[in-house]
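Student: Read off the chains here:
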Amino acid sequence: MSNSPIDLFVGLSAVLTGVDSSKLAPLLDPVDIKQTYFNFVQGKEPIAFTQLLGIFQQNQGQDPATIANIIFNQSGAAIKYLARSIILMWYLGSWYEPATLQKYNSPNPPPPPVPSAGVISADAYTQGWAWNVAQAHPMGYSNFTFGAWSEDPPTLADFVGGNGGQS
Amino acid sequence: MSSGMNQPKLSSYDVVIVGAGVSCAMIAKQLGLAGKKVLILEAGAAIPPNNVDFMQRFYTTVAKVPESPYTPDLFNPPGSSTLTDPSTLNAGRPTVLTLSQKTWQNPNLSYLTQDGPLAFGSTYERIAGGTMRHWLGTSLRFVPNDFCVDRQYHQEVDWPISYDDLSSWYGKAEHEIGVSADIGEQEYLGVTFPPGYSYPMPKIPMSLVDQAVSSAVDGMQFFGIPVNVTSTPAGRNSQPYQNRRVCAGNTNCIPICPIQAKYDPSVTLNQALDTGNVEILSQTVANEVVIDANGRVSQINYIQYKGQSGPKTGSGSISGKVYVIASNAIETPRLLLLSDNQGRLKNGVANSSLLVGKNLMDHPLYLAWALMPKPVFGYRGPLSTSGIENLRDGAFRSQHAPFRIEIGNEGWNFPIGDPDTTTVDFINGLNLSGLNTAGSGGSPQALSGQALVNALNDKLTRQFRLGFLVEQSPETSNCVSLSSQTDHLGLRRPSIKYDLSPYTKAGMAAAKQTADAIFDKLKAVQFTAPADPTDPSTFMVDINGKPTRLKFFGSGHIVGTYRMGTTKENSVVNREQRSWDHPNLFLVGSGVFPTVATANPTLTIAALALWAADTILRKDLSS
Amino acid sequence: MKTAAKTIAIAARLTLSLLFLAPFVRLAQPQSPTVPINPTVNNCNVTRPDTPVTPALLTSGLPCAVTVIQPITLDNLQKAFDFYSWLTFIALNSPAAGGTIGKDAPTIWEQFKESQDIMLPDGSSPPPWGAPPIRPSKCPNAPAGATVLVMVGKTPNVLTESVQPFLTGPLIDQQGQYVHYEILVNRPMFEFIVQNQLYNQQGQAKFSGTITFPIGQVTSGSTGTVGSIMIKAAWKILDPKVDDPSRFHTAKVLVYQAPSTNPKIAESCSVATVGLVGLHISHKTQVEPQWVWSTFEHVDNVPTQSDVNSKKLAKRYNFYNPACKNCKVNDPPPRPWDPNAVPFPGGFKSQIVRVVNLMDDVNKLNAQFQGILKGTVWANYKLISTQWPTDGQSKTDPNGVPAPTYLANTTMETYVQGTTPQASSSCIACHGNAATTKGKTSDFTYILERAQSAK
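Chains as they are written, first to last, in our numbering: chain Y, 1 to 167; chain X, 1 to 623; chain F, 1 to 455.
Don't read these hints as lab results, they were simulated from the structure.
Treat the hints with care, since some could be wrong.
To be verified - Distance condition first, Cα-Cα at most 25 Å in a straight line; then the derived DSS-like pairs of lysine-lysine:
#: 1; chain 1: Y; residue 1: Lys23; chain 2: F; residue 2: Lys395
#: 2; chain 1: F; residue 1: Lys241; chain 2: F; residue 2: Lys395
#: 3; chain 1: F; residue 1: Lys264; chain 2: X; residue 2: Lys37
#: 4; chain 1: X; residue 1: Lys9; chain 2: F; residue 2: Lys349
#: 5; chain 1: X; residue 1: Lys9; chain 2: F; residue 2: Lys241
Unchecked claim - Some chain F residues judged to face chain X by a derived CB distance under 8 Å, without partners named:
#: 6; residue: Gly99
#: 7; residue: Gly102
#: 8; residue: Pro259
#: 9; residue: Asn262
#: 10; residue: Ala266
#: 11; residue: Arg335
#: 12; residue: Asp360
#: 13; residue: Ser424
#: 14; residue: Asn433
#: 15; residue: Lys438
Everything numeric in this text was worked out from a predicted model, so none of it was measured.
Glycine included, every Cβ here is placed at the ideal spot set by N, Cα and C.
Given only the sequences and the hints, what does the whole structure look like? Please build it.
Tutor: The structure is reproduced here in structure tokens:
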């Protein structure tokens, strides 16, 4: 495994999202949303992002649950909420500020809904993993054909890779 | 195009039409084909060369509401979350984003001045193609008793026309739109088709959600009526039609079909332009219908502008033999009321009955959502492919409003904005969805990795919702009038008074009870949120002796504000949709509906428009 | 002649009644001997993409599939697909009469079957492979064997070849003339349609199972099958006063205009000399079930947006006027559209700019191939790009995740260039929606939806 920042980002993202890295960032990746996201987070949270990648680099030999525990429970609020922002980015193609997520996690949260700071790009919306995890497709972006909705979709493993979330 | 294209080419036309929506498209094409010269005044943007801007705006907008792809931009600057001040817009329009307690009566956010007591929840577009740009595609015919509710059930009011009068026009409209449906399935509650008739395309296949509902619900009885799930007639292609593609199930009919497998009026408008006899002026706001000494319309005055908030660029007037106002059931009465003809007509044009703007109706929609016991794989297919139509008519109509039930294929997108809400819940340890309760003591969990994938898959694949479109009774107190607030052209914006009658509320209560029973039968766990007392779209109703608060949504079905009738006292237009007061003025669109019934109105709007075109050709322009 | 036709009709009717009587009996094969749909060939071009571009490639033949070499990266594979595209261009533009590509002569692909000669107005079976193009009675008798460019289908509600995706509008050149189009298929694709009776609506209704066109592949050495190839060509009417015919591949054709009621268009047919301005080649191969989509243009067509921005403009273009300051860019002409009314009324001319730049690697490859074609008209064509599926076997994306994501030819997807999902041109994404007249997925071709009802 290379330790280039983008590879670390993909490895970290696979642990966080539960989606296989071969699906998040296929070998042949014309859309290349990983680079869009990497650049976006780098621009938004340069310091915490570097720290988070560093934490992952030091622990990438561990099993995913251990890495998650280190990130979410042992690395401070800045890292914890940035990691959540990154998962949400992969799932929804939108950016939720770490500070916003923290505020909504407090004992006296602001009124719902949790505001998104915006859709990162049209491609980001179409690459959202929440839809794939639902064995579906983004609303307004289907590559399936007429009548597919009257039959079972591909399996969860087909979408998210690995063993399909079933551990 | 070179400059100067946005001016009339002729000094006078056979027909001048205000508003380039579905009614206009239907009429303009027929007139154009007959060689008549037609000028269309469209308040908003022209037909674009492609849907790139619409789709780009849709994808990058956080709140993907029905209005999101279209102009004027809901947000200023575009892409932000700050709503555009409607007083800065030359052709503003309402949005569902201004229906909360905080926003609905704020004139800097809400285009409509909402005078209550309840919020009017429906919106419309001001753009070439009109509100049908964001329609669902549902193309149901009215059932015969919808035209004579007073005679049959001593409720509401009768139409001056019958199902049989409209039947052939329905058929023509179904072919113009391209409706996919099965004739055998649509023959219910007295609906008949002429021998040999067939829909242009076969029905759209049922989704897995539909199949699950059907397997449990078929044969259940409500108000003594057995019900069953049927495929919904849809203006969506099940085969290639009109050079448009087959539906690919983008689950996005509202707000926009990305591949135009769903019909929208730009198809017919373009065919109207193909005749060479039709012109459209865009960004051209009609601001006065001028009446001459003989009571005939002599011209329509308009204002032109540049950019959605830019300056006025000019004004003008145009004359024709016949005039058709085809805006919608809010903008048409607004124009009629604005047209005071320098004080000569203080109640506005076509308003001797004083019914212009009155009897505003919608389908108040009761929304209920639940988790199925097993995956049904929503978020796929057209937004809705089936419904339960049996309760659109029956003896119960003497007691409470009827309704139809629409089965949604989009999970909980409509109810709670999913998958976003549930995804944020499970990642950030919240429970706005009601689904994140597996932590200790029912507390929410914050998940990542495979646990996150499994939790979301389990919830999202089992979500579904039902929408109940309840008939709203006509009430003169529900009305459109002129606000003291103005738009960027200085024209007074619409003001709305809106409430639900006891008859309508009883229909909503019956809808809720029906939803509860269906979910029980399905062994589905209901998550319908309790209505929030501060929400202006909620009301109290008695259900089995228990005061209960219900929430309603708008359906986008704006109806009734210039109704057709049998006399100039009880209506604004006659059965031909011709103004009683001004013989060369037609008012078309859903404003002519005396009642809203339970069918989504578009097909009936299109059928009536085709009929009006025929009348104009036969009677008004026969020479 | 008449008797034979009648015999076939009776046989067809017999077959039909058999079907009704015994629906589970497998249909007998047609009695006449049928040619193999996708015969084995032994001359597949298997040149590796790292081969130096020399004149030897001009006679290397048609690739049956794309030859790729390590490393398996997006850039390297794109180079292989683009190399394949040029080999295919050379092979298909070689003279139909034989010999090496060079002089301006009728090409191999121009002998393919025109779509209007497959999907006949009465739904009858098409004339056999090699039969001359069907000539509408309105057309003059000469020149012999001329291609007929049909502007509008002969039957109502049929997708028209003058009209672009999304009905966005025709392309008008700088002389106010409409650009004309044709769609053709090669023999394996034609035989598949004919032998499966997909040329009329009844045949399509009867066809059970999935429509899968024959594939190109190399089985060993240079042995394999060619598979299905579709061509869409865009032609500009050459004006001797301004156009230099020596810069184009030209053809003397019949420009036929079918009558139409709306828009009101009179039937017409005239002889014209046309120059090739755009060429799509799509090829179904074993590894690329979503097909491989190569697209070429004439070098004089349009400037790119960056050319415009940096004011690096040529003196003239086929579809852009450098002197016009107020021309609205990439905007379709106003309706109504009547191809008989030329030059376009009101002086309208399309002002077209390429929105997405060509990739550097493509520019380099174009220079190399234009180098070996120097001195011929073919040096005036350039590859825009090749779209191919990066994950052809994907279960969750039937489009196979195409690369590049978007691809437009300015003569054919003129008004839908760009990079917006679903709205901007992507060959595979759009053709993934293609269906038969019955709504069945039609394996990435829109030709089948043009079928009419058999009488």
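Student: Where does the structure disagree with the numbered hints, that is, which hint numbers, in rising order?
Tutor: 2, 5, 6, 7, 8, 10 and 12
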